[in-house]
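Chains X and Z, in that order, give the protein sequences.
Okay, so the first sequence: first residue is 16 according to my numbering, each after it adds one.
Okay, so the second sequence: first residue is 118 according to my numbering, each after it adds one.
Quick caveat, the hints were computed from the structure, so don't treat them as lab data.
Please note that the accuracy of each hint is not assured.
What the hints assert, rightly or not - Output of the computed footprint for chain X on chain Z, the stretches with three or more beta carbons under 8 Å from beta carbons of chain X: (1) 156-167; (2) 223-232; (3) 304-310; (4) 383-390; (5) 393-400.
Said to hold, decoys possible - With a straight-line Cα cutoff of 30 Å, these simulated DSBU-like cross-link-like pairs (lysine-lysine) come out: (6) X:K61 x Z:K376; (7) Z:K376 x Z:K154; (8) X:K226 x X:K210; (9) Z:K307 x Z:K364; (10) Z:K183 x X:K210; (11) Z:K183 x X:K226; (12) Z:K375 x X:K61; (13) Z:K380 x X:K61; (14) Z:K380 x Z:K364; (15) Z:K344 x X:K226; (16) Z:K303 x Z:K373; (17) Z:K352 x Z:K306; (18) X:K267 x Z:K303; (19) Z:K380 x Z:K344; (20) X:K210 x Z:K128.
To be verified - With beta-carbon atoms standing in for the labels, derived distance ranges: (21) X:S212 x Z:Q401: 53 to 61 Å; (22) X:L223 x Z:N137: 19 to 27 Å; (23) X:G383 x Z:I272: 45 to 53 Å; (24) X:E211 x Z:I272: 51 to 59 Å; (25) X:S285 x Z:S158: 27 to 35 Å; (26) X:E211 x Z:A284: 27 to 35 Å; (27) X:L223 x Z:L385: 17 to 25 Å; (28) Z:L385 x X:I399: 33 to 41 Å.
Computed from a predicted model, the values in this text were never measured in an experiment.
Note that the Cβ used here is the ideal one computed from N, Cα and C, for glycine as well.
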Amino acid sequence: MVKELFVQGNEACAYGAIKAGCKFFGGYPITPSTEVAEKLAELLPKHGGSFIQMEDEIAAIGAIIGASWSGLKTMTSTSGPGFSLMQENIGYAHITETPTVIVNVQRGGPSTGQPTMASQGDMMQIRWGSHGDYEPISLAPSSVQECFDFTVEAFNLSEQYRVPVILATDEIIGHMREKITIPDSVDVIPRTMPKESPDEFSTNNPYLPFKAEENGAPPMAAFGQGYKIPVTGLTHDERGYPDSADFEAHTKLITRLNNKILNNREKIVSVHERFCDDADTIIISYGAPVRSVHRAVVQAREEGLKVGSIKVDTPWPFPEAQILKAAEVAKNLIVVEMNLGQMVYEVERVAGMVGENRPNVHLIPKIGGELHKPEVILSKIKEIS
Amino acid sequence: MVGNNENPFIKYLREDRLPNIFCGGCGNGTVLNTFFKGMESAEIDFNSVAMTSGIGCSSRIPGYAKCDSLHTTHGRAITFATGLKIGNPDLNIVVFTGDGDAAAIGGNHLIHAARKNINLTVICVNNNIYGMTGGQISPTSPEGSFATTAPYGSIEKPFNLAELVTAAGASFVARWTTAHPLQLSKSIKKALLNPGFSFVEVVSQCPTYFGRKNRIRNPVDMVKIFKENSINKRKADKMDEEKLIGKIIVGEFVNKPKKDLIKNICDLSVEQCGRDLAVQSAYQDSFQE
């Protein structure tokens, strides 16, 4: 039965997790994300799942990666300081191809910063926070309904590509209350088992847990099913055996891990364009600022200005083709984000691909925790039109 | 098909990964042998065993065992093990760790897993030094011992790991040295059978680094020193502290089974939704309430 609820974004993430089949949450309290953990501490035992409050965020992500290898869908939630602590194990999840979901309810930083105020200051940390070369997937909801929908999608993407997926929300979206619709059932992408059973393998035909089809993730057996999988954070071969000093082994593995995202970028990315067809100026935003941008664009159109917008649902992988298309037609691109400029670097990079006729890229930054006012965006539109 | 010189536990190893990376004279071989002996005498099916480890020499042990294993990040093996166990309570999870991995970078996870009495078996190979990185002092290095980062001798007080984990609430704790393989395998058996947090500390030799830096280069001499300096806990409990300086207290520290966290988590699921915890549910394509 379809259910309607009036809830916070953080609670919507918890409902989304349950609907997607999450059965384990390991967490550590941190403002402004704590309601995700609180809600799941209540809901999971009612759905045959479990919740554990760990001793810190490093332990929380360790536990969810471990439980993922037992064959469960798992999640944690945190905010800036905790997300920083998780970085090493996020890299571990990437190199071991462990599906899991991390909700990062962003707050002002650096350091303890503004625990109760919103920010989009972690966008580049989501991209580059762990050491080494990797390609993250990240979703940025701009409403409470999207907190639910994108959490489900985050689980599906994590299973499909065997990566940790970061739900990049923020204090405004996390604590805002809106009506949401919870459908009776949602599309769930299940984990894939190896085609062969464990006893079909032998010394001459060994099980290769890290052998993938081109551009895809390998099927993933769980611990306890008899496959006897050696998992390591060291560079490894297809058997899972460490081969950490061989440049070819490292190049092969890391290139494959990156390509399974990059070569599927068009399947993963999601953007929504509004009024872009004839637009001279296109505004690019993601997460909470999308709401101010929409208001500003509608007002600009009412005043006869040729303005459009692109709402980016998936900051990572960056929707390169979609932004390039906009850069080819618009004279101005404006990036609106709640930081001093992070995703704008990606937009500038892509705009640069256009060559001589590249558009001007403008930034409307904002820090401190308040949302951009639509009139600020509107006056920038007028200033550059 | 076991030949005269063949180790009876070779069947549990990934032979295609041998030879191993351990130095000649390392105690890790003794630890793995005694583990398999303890496992067999506990009548635990090797197919139900999954191992986790962090970073360091002893953390490379699971990679040679033919079972599911997670070789994780430095100090964090117990956290991954916790998730594995909750995800599938039927697994027997064994954590191989070292003094640096368990007590320095992973100290917080160690005491909290002990406090919560999480049903895991942690085998800590304590060689009093960082071997993998080339001989730096660890939280268990004796005061005055030498290491590359203690060129004038350690000026720190060491942790007593068995006492630390006892105080934190573990339900089974034992300490032996590599000079006590029989006692060690018996304690490993008990640890595996204890339905709670079990900690077995193995004082082990690192001739390559601890030995070289402290002028006991011969591993046989190191093991002899362990034997000569060990005092059983029952005897040590009656001795003056002064007489125990420089001694290794061995034996069982705790053997008090109590209900563990995993059991509580399973019970909560039954209480709240009338069924056992979901197992391997990631393969399902729908989740009805």
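Structure-based check of all given hints:
With a threshold of 8 Å between beta carbons, the proposed coverage of the stretch 156-167 of chain Z by chain X holds, since 3 of its residues qualify and at least three are required. Note: the stretch 223-232 of chain Z has 3 residues with beta-carbon separation from chain X under 8 Å; the three-residue rule is met and the coverage holds. With a cut-off of 8 Å between beta carbons, the stretch 304-310 of chain Z has 0 residues touching chain X; three or more are needed, and the interface restraint is violated. With 5 residues carrying a beta carbon less than 8 Å from a beta carbon of chain X, the stretch 383-390 of chain Z meets the three-residue requirement, and the given coverage holds.
With a threshold of 8 Å between beta carbons, the proposed coverage of the stretch 393-400 of chain Z by chain X holds, since 8 of its residues qualify and at least three are required. Taking the CA atoms of K61 of chain X and K376 of chain Z, the gap is near 22 Å; set against the 30 Å cutoff, the hint holds. Of the supplied pair hints, the one linking K376 of chain Z and K154 of chain Z holds, its CA atoms being roughly 26 Å apart against a limit of 30 Å. For the hint pairing K226 of chain X with K210 of chain X, the CA-to-CA distance comes to about 13 Å; that is within 30 Å, so the pair holds.
With a C-alpha separation of about 25 Å, the suggested pairing of K307 of chain Z with K364 of chain Z holds against the 30 Å cut-off. The straight-line distance between the Cα atoms of K183 of chain Z and K210 of chain X is roughly 21 Å, inside the 30 Å bound, and the hint therefore holds. Note on K183 of chain Z and K226 of chain X: the hinted pairing holds, with a Cα-Cα distance of about 19 Å set against a maximum of 30 Å. For the hint pairing K375 of chain Z with K61 of chain X, the CA-to-CA distance comes to about 26 Å; that is within 30 Å, so the pair holds.
The hinted pair formed by K380 of chain Z and K61 of chain X meets the criterion: a straight-line CA distance of about 16 Å does not exceed 30 Å. Proximity of K380 of chain Z to K364 of chain Z is assessed by CA-CA distance (about 38 Å); at most 30 Å being required, the pair is judged violated. For the hint pairing K344 of chain Z with K226 of chain X, the CA-to-CA distance comes to about 48 Å; that exceeds 30 Å, so the pair is violated. For the hint linking K303 of chain Z to K373 of chain Z, the alpha-carbon distance of about 16 Å falls within 30 Å, and the restraint holds.
Distance hint between K352 of chain Z and K306 of chain Z is fulfilled; the C-alpha atoms sit about 23 Å from each other, no more than 30 Å. A C-alpha spacing of about 45 Å is found between K267 of chain X and K303 of chain Z, which places the hinted pair above 30 Å, so the restraint is violated. Pair hint K380 of chain Z plus K344 of chain Z does not hold up; C-alpha atoms about 39 Å apart against a cutoff of 30 Å. In summary, the hint linking K210 of chain X to K128 of chain Z is supported, as the alpha carbons are separated by about 26 Å, within the 30 Å threshold.
A hinted range of 53 to 61 Å for the beta carbons of S212 of chain X and Q401 of chain Z is inconsistent with their spacing of about 19 Å. Range check, L223 of chain X to N137 of chain Z: about 22 Å between beta-carbon atoms, so the 19 to 27 Å window is met. Separated by about 47 Å at the C-beta atoms, G383 of chain X and I272 of chain Z satisfy the suggested range of 45 to 53 Å. Judged by the Cβ atoms, the range 51 to 59 Å given for E211 of chain X and I272 of chain Z holds: they are separated by roughly 57 Å.
Range check, S285 of chain X to S158 of chain Z: Cβ separation about 57 Å, and the 27 to 35 Å hint is violated. Between E211 of chain X and A284 of chain Z, the C-beta spacing of about 49 Å breaks the proposed range 27 to 35 Å. Between L223 of chain X and L385 of chain Z the C-beta distance comes to about 39 Å, which lies outside the given range of 17 to 25 Å. Between L385 of chain Z and I399 of chain X the CB atoms are about 58 Å apart, so this pair departs from the stated range of 33 to 41 Å.
Consistency note: the structure conflicts with the earlier hints numbered 3, 14, 15, 18, 19, 21, 25, 26, 27 and 28.
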